[in-house]
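Q: Listed below are the residues making up each chain.
Number of protein chains: 2
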Amino acid sequence: MEHTYCVIMAGGKGERFWPLSTDRVPKPFVKLIGDKTMIQMTVERVLRLVPKERVFLVLGREHVEVARAQLTDLPEGQFIAEPAGRDTAPCIGFAATILYRRDPAATMIVLPADQYIPDEDAFVRTASAGVEWAMRGDYLVTIGITPTRPDTGYGYIRAGESMHADGGPCFRVDRFVEKPDEATAFRYLAEGGYYWNSGIFIWRARVVLKGIEAHMPPLWDGLEAIGRAEAAGDAIGVADRFKGLQRISIDYGLMEKADNVLMVKADFAWDDVGSWGALRRVMKLDASGNYLRGNPVCVDTKDCVIFGEGVRVGAVGVSDLIIVASGEGVLVCTLARDQDARRVARMMERGETGA
Amino acid sequence: MEHTYCVIMAGGKGERFWPLSTDRVPKPFVKLIGDKTMIQMTVERVLRLVPKERVFLVLGREHVEVARAQLTDLPEGQFIAEPAGRDTAPCIGFAATILYRRDPAATMIVLPADQYIPDEDAFVRTASAGVEWAMRGDYLVTIGITPTRPDTGYGYIRAGESMHADGGPCFRVDRFVEKPDEATAFRYLAEGGYYWNSGIFIWRARVVLKGIEAHMPPLWDGLEAIGRAEAAGDAIGVADRFKGLQRISIDYGLMEKADNVLMVKADFAWDDVGSWGALRRVMKLDASGNYLRGNPVCVDTKDCVIFGEGVRVGAVGVSDLIIVASGEGVLVCTLARDQDARRVARMMERGETGA
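Same order as they appear, the protein sequences are chains A and B. Note that the numbering used here numbers the first sequence so that position 336 is 336, with each residue one more than the last. Note that the numbering used here numbers the second sequence so that position 156 is 156, with each residue one more than the last.
Any copy will do: because identical chains look the same in the list, a pair fits if it lies in one copy or spans two.
The calculated lysine to any residue pairs, modelled on SDA-like cross-linking and capped at a C-alpha distance of 20 Å, are:
1) Lys302 to Arg342
2) Lys284 to Asp35
3) Lys302 to Met347
4) Lys302 to Leu335
Keep in mind the hints are simulated off the structure, nothing from the lab.
Pulled out of the complex, with its shape left as it was, chain A reads as follows (with noise of 0.2 Å):
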C-alpha cells in the first residue's frame, strides 16, 4: 500500500456543539469522547493504515493553528488549507490534485475527522477491503454501514449486486438516496440491502479526478485554473478561484451520477456523532443512564448528557436533558431536542434572545 494515502476533512462549523465547539474549534477538534479530540482520535485509526507522511488533513485556514497543536507528529506540509468552505467536493477535488501531482498512483481514503469507530481492528480490515478494490479497476468506492435503526439523519446506500462469487463484502450500488422520512427508513431496514452512507471513499486520485471531469465540469475547470494559478505562484489567484467553486457535495455532484461506484460493507460499528443526544448512543452511560463529563454534582438526575469540564455544574430532578458548560457559556436543551441545539448558536450569534 506504497501509494496509499488518507485525507481527513475536518470542515465544518462549531454550531451543533456549542458551547465546547465555536467556529474557532469546532467539533473535529473537541474533546466529546475520551481524552483525545475528534480529530487527534481519526488520526490514530488512519495510522494502523499509512504512515504519518501520508496523512493529509484538509481543513479552513482558521483551523490550521489549533490542528497543527493537536496533531504535533504530522509533517507540517500535509495541513491542506481551503481558502474557504464549498462543501465536499471541491474539497475532495482539490486533495486529489496535489496528491496526483505528488504521486500519480495515489490511492486515497477520504474520511471525515469526527465520525466515531470504536473498533480500529475491523476499520482497518473494511478500509484495506477497499483499497483493494480501488487498485484493482476504475472504482470509486464507498463504505457502507449497516443500519441498526431507522435513522433519518444519514443519507442511504441501495447495494447492488456482489462483486464476489461467495458473498464478500463488496457490492456494486444501486443507488444514493438521501435523508428519507422516517417511514422510508423503516421500509430500507424491513426490505434489506441498504446501507448507511459513511462518508468514507476510497478510490485513486486519477479516477476520482476523471470522475469530476467527466461529471462535474464546472469544478473540473476551476481546479485546473487553482492548479495553473499555484505553478505560477499566485495565491490569491488560488484562493479566489476557489472561493468561485461551486458549493456541492461529492455525493451529488459525482457518486449519485457515477456507474462505477462500489460499496464495501463495513463490519465496525460506526457514528457520526451529530448531535448532543448521539453521545449517550455510543458511550457507555452510568448506572443512571448519563454521560457525565467534568464531575458535575448530580442528584436524583437521569439519562442525561452533563459536560462541565472546568466549570461546576450541579443537577437536580432532572432526566432527558443536555446540560453543557464551558468558557464560552451554557447550553441546557432537552434531549428530543438536541436537533435545534444549534439554533442557540446561531442566534446568539446574530444577537437574537428568541422566545
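Since the structure of chain A is provided, determine the placement of chain B on it from the hints.
A: Relative to chain A, chain B alone:
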C-alpha cells in the same frame, strides 16, 4: 419616632441561591430581583421609617466588606459584626444591648435583610402601627402576614383577641406554630385566624432584654459577660463568649414563651424568597411564564427561571426548570425540587459528586 431604630439581620449561608450566592456573598448581597441587592432594597425600605443614622446591620464579620461596598451611605459604626452566627436570639440580644446602652429609650424594628416587600407605603403603615404598640406598653410585637396559600415553609402565628374595639390590625398572640405539614397548613387557611410569621419584630430594647432575662437566662448571662468584656476592651473575650452562646431562634427561645406578645397584621404583600421557585411567585413573568435575567437565548422555553448574567446561556425545549449560571458555576434544577438546590452547593463543598 426619634427613639426608633431599625436593625437589619443579614446572616445566612450562600447555599440556597448557589451559584449566584456563595458563602462569601450570601443572599442579602445578591441581585435576585431588579437591579438592587436584597439588602439595598431592605435599607431603602426602612429609610422610609428612620434616618440612616438609626439603621443598624448585624452581619457576619466576613460580610462586612461586601455590605459596606453596597451600602456606602450608612455610617461605618452601624455595621455590627457578629463574631459567629448563632441564630436570631443571640443576634437580637447582642443588638439590643448595644442599642440600649446607646439609647435606653430605644425601640427596635428587627427585620431580615432578604425579604421581598414591594409596597413600601404599606410596609411603613404596618411598621408604624407596630412601633406605636411597642411604645404603648411592654409588648413584644410581631408582624403577621395574611397567608395566601397553605405554605409549609413558614411558621404560623395564631391570632388571639383583638387589641381594638373596632377591628384594627393588632391582636394578642394565641400561639406560635412551627412549619406545619400540608394538611395542617390547609386547615389553618380554612379555619382562618392564622398568619405567617414574617420574622419582623418590634419592641423596646429594654423590653426584649427583660424577656431574654426571664425566658433565656443562659443567653442573658452570656450577653452580660459579653458586655463586661466589651467594657474591658477585651475583643477576644467578646468573640469567645459570643461563640459560646447557644444557637437558638428568637421565636423558639422567647416569642413562644412570653405572654406579652402582640401581632400586627400586615397589609402588604410579602415573600421571604426562600428558593429559586419563589422568584416565579413574586416577579413579573414574560409571556412564556419565564423569569429571565441576563438575556439568555430561549427557544421554546417556558415556566423557567434563568439567570445568566455575565454568562451566555441558551435553553431549548425546556420547561419548569431553574437554570442559573455565574462565574461560580451552573445549576440546573427542576422547579419542583428547588428546595434541594442547596444540596448541590453542600456536596460541592464536600467534594462529592453524587448520583
